[in-house]
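Peer 1: Okay, here's what each chain looks like letter by letter:
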Amino acid sequence: MPSHDVMPDMELYQPLQVEDAVALADRLGSRAWLLGGGQDTYGWLKDRAKTTEAMIDLNGIESLRGVRETADGIEIGALTTLTEVATNTLINERYGLLSSAAGRVASPQIRNAGTLGGNVSQDVRCWYYRRGLDCYRAGGNLCYADTPEGMNREHAIFGASRCVAVNPSDTAPALVALEASMVLTSVDGERIVAAEDYFVGPAIDIENTTALRTGEILTAVRIPSTWANATFYFEKVADRNVWDFALVSMAVAMKMNGSTIEDSRFVCGAVECKPRRLTEVENAVRGRNRDESTAASIAELASRGARVLAHNQYKVPLMDSLVKRALQSA
Amino acid sequence: MNPKITRRRFIKGVIFSATAATSGAGYYIATAASSRSAGAVERLISLSVNGRTRRVDVLPQETLAHTIRYRLNLTGTKLACNRGECGACTVMIDDVANYSCSLLTHQVKGREITTVEGLRAANGSLHPVQQAFIEELAPQCGFCTPGQVVAAAALLIANPNPSREQARQGLSGNLCRCGAYDHYLNGVMRAAELIS
Ligand SMILES: Cc1cc2nc3c(=O)[nH]c(=O)nc-3n(C[C@H](O)[C@H](O)[C@H](O)COP(=O)(O)OP(=O)(O)OC[C@H]3O[C@@H](n4cnc5c(N)ncnc54)[C@H](O)[C@@H]3O)c2cc1C
Ligand code: SF4
Ligand code: FES
Ligand code: FES
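Those protein sequence lines, which keep their order, are chains A and B. Heads up: the first sequence begins at 5 in this note's numbering, then just goes up one per residue. Heads up: the second sequence begins at 7 in this note's numbering, then just goes up one per residue.
If you are wondering where the hints come from, they were derived from the structure by calculation, not from laboratory data. Treat the hints with care, as some may be off.
[As the list claims (entries may be wrong)] Mimicking SDA-like on lysine to any residue, the simulated pairs with C-alpha atoms at most 20 Å apart in a straight line are: (1) 115(B) to 64(A); (2) 115(B) to 21(A); (3) 115(B) to 20(A).
Extracted from the complex, chain A is given alone in its bound form (with noise of 0.2 Å):
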């Protein structure tokens, strides 16, 4: 598809402190797009698939930099790179899980640029929305990709309504699993979302990925004690292992007591448009020992419900193997 050396002109801001991007956030309302590492938002740009008046750039706020700890458990700067993200020693020695999916994510080089907010903020990668198409998605009143003929290997089995593209952020399932919540500021203050009432689907918000609301920005992701130093098992499935998003993607964290799991959470990657939990799962391990004969019992309890396109029935059987593994992997 075409693209362009350059990007259409707009305004750049550059703020220093939270207070004054908050406070251009309020004022130029949706006039504005808020840039994180712009590994999402320049496709977009450079293919005129979307555009905006007037850019805030986020990069400057050395506060919104970096891992703290907290009384309960770590806070991690929204403008925080995945590849710090993914070598903090704090998080790599409490929360492994959210170390290894960053990891995963695009390139070396994506991840040196790209922050955690934008990763979890990040647009869907339906070809034919980011190709400029009034879909559904961008406002109009058809889907390209939920069509016999249409390019849907990519696509949900679980959660559509109108649209079926998927969430396509790495880090998205793992902050699901580790229950952490979003802190959103804007000029009235903070608001504290879940994780899991971050991202939402079509049949919340067709147009968005995210709970976020015009002028607010995401500030802090934060991540509690609770799941810290589980037992952790990611993996992502993706066509080559460098720059391609997942084609399923699984976030486990368990509570073990010796061989059994106390307690678990299990959260499904590119699947819906949000990271799915799979809480039957959750369920039936509870009490089990991490082993195979476990791993067998729960069989396809995972895709149940699933609901196929033309091109995407393997993510059925790869959602249920990607389970096993999980389970099996002691």
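Chain A is already provided as a structure; the job is to place chain B with the ligands on it using the hints.
Peer 2: Below, chain B with the ligands without anything else, positioned relative to chain A:
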């Protein structure tokens, strides 16, 4: 938060870019004529490139690849995909590898930018990575080479003694259409020896 595309805006965007594509000069005039609101960035900025401070007039929406190639004439940095999917445009920002096609120049004010031209020593001798790539016959057609060189140099700054697997990971953001990956890896391993 993202403003959604409207049909009118989309068409306007396409028309605008069509004029930009036909004439580089037209494009500069078109943007230079537009007015800016208070608080938006100053266009004339200082950049630190390969150890020198350069004053440049940079559009707010300009990518670093564009600035270094077309304003500073440092054409060693290649632009291929222009969308973060190949690595040909790799430069270092404060010693860290980045895709210059996917960074706004205005974001790197005050930071140290190193392009492939800035890697050789003050006396003109080649960087160990360049030397090792020659010795290992790493490049084939050579188009991806500047990006591979910079990515390898950045890797060796962060990890001067990588395992082959770490080197593979370190260079995994650089595509080579000729498939000379193993030769480049041999080059990185040899460069690590040259450095130590
Ligand atoms: C070639 C390629 C491959 C990719 N592969 C993957 C992959 O494998 N896995 C994956 O997860 N992603 C992938 N991505 C998508 C994306 O680039 C990265 O996920 C990256 O982390 C996005 O972060 P960013 O900071 O660069 O986002 P930006 O482009 O800066 O922002 C993305 C969106 O989030 C909004 N936003 C950013 N920061 C904030 C904030 N603090 N508050 C509120 N809103 C905010 C922006 O307005 C924008 O809408 C890929 C992208 C490319 C180009
Ligand atoms: S899947 Fe969603 S984004 Fe893709 S064409 Fe259909 S409505 Fe648009
Ligand atoms: S030109 Fe920048 S990654 Fe391809
Ligand atoms: S040597 Fe030809 S593209 Fe890499």
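Peer 1: For the pair supplied as a hint, residue 115(B) and residue 64(A), confirm whether the alpha-carbon distance does not exceed 20 Å.
Peer 2: 10 Å, holds
Peer 1: Hey, residue 115(B) versus residue 21(A), does the alpha-carbon distance stay inside 20 Å?
Peer 2: Roughly 17 Å between the alpha carbons, so the hint for residue 115(B) and residue 21(A) holds.
Peer 1: Residue 115(B) and residue 20(A) were given as a pair; does the straight-line alpha-carbon distance stay at or below 20 Å?
Peer 2: Measuring from Cα to Cα gives roughly 13 Å; hence the hint holds.
Consistency note: the structure conflicts with none of the earlier hints.
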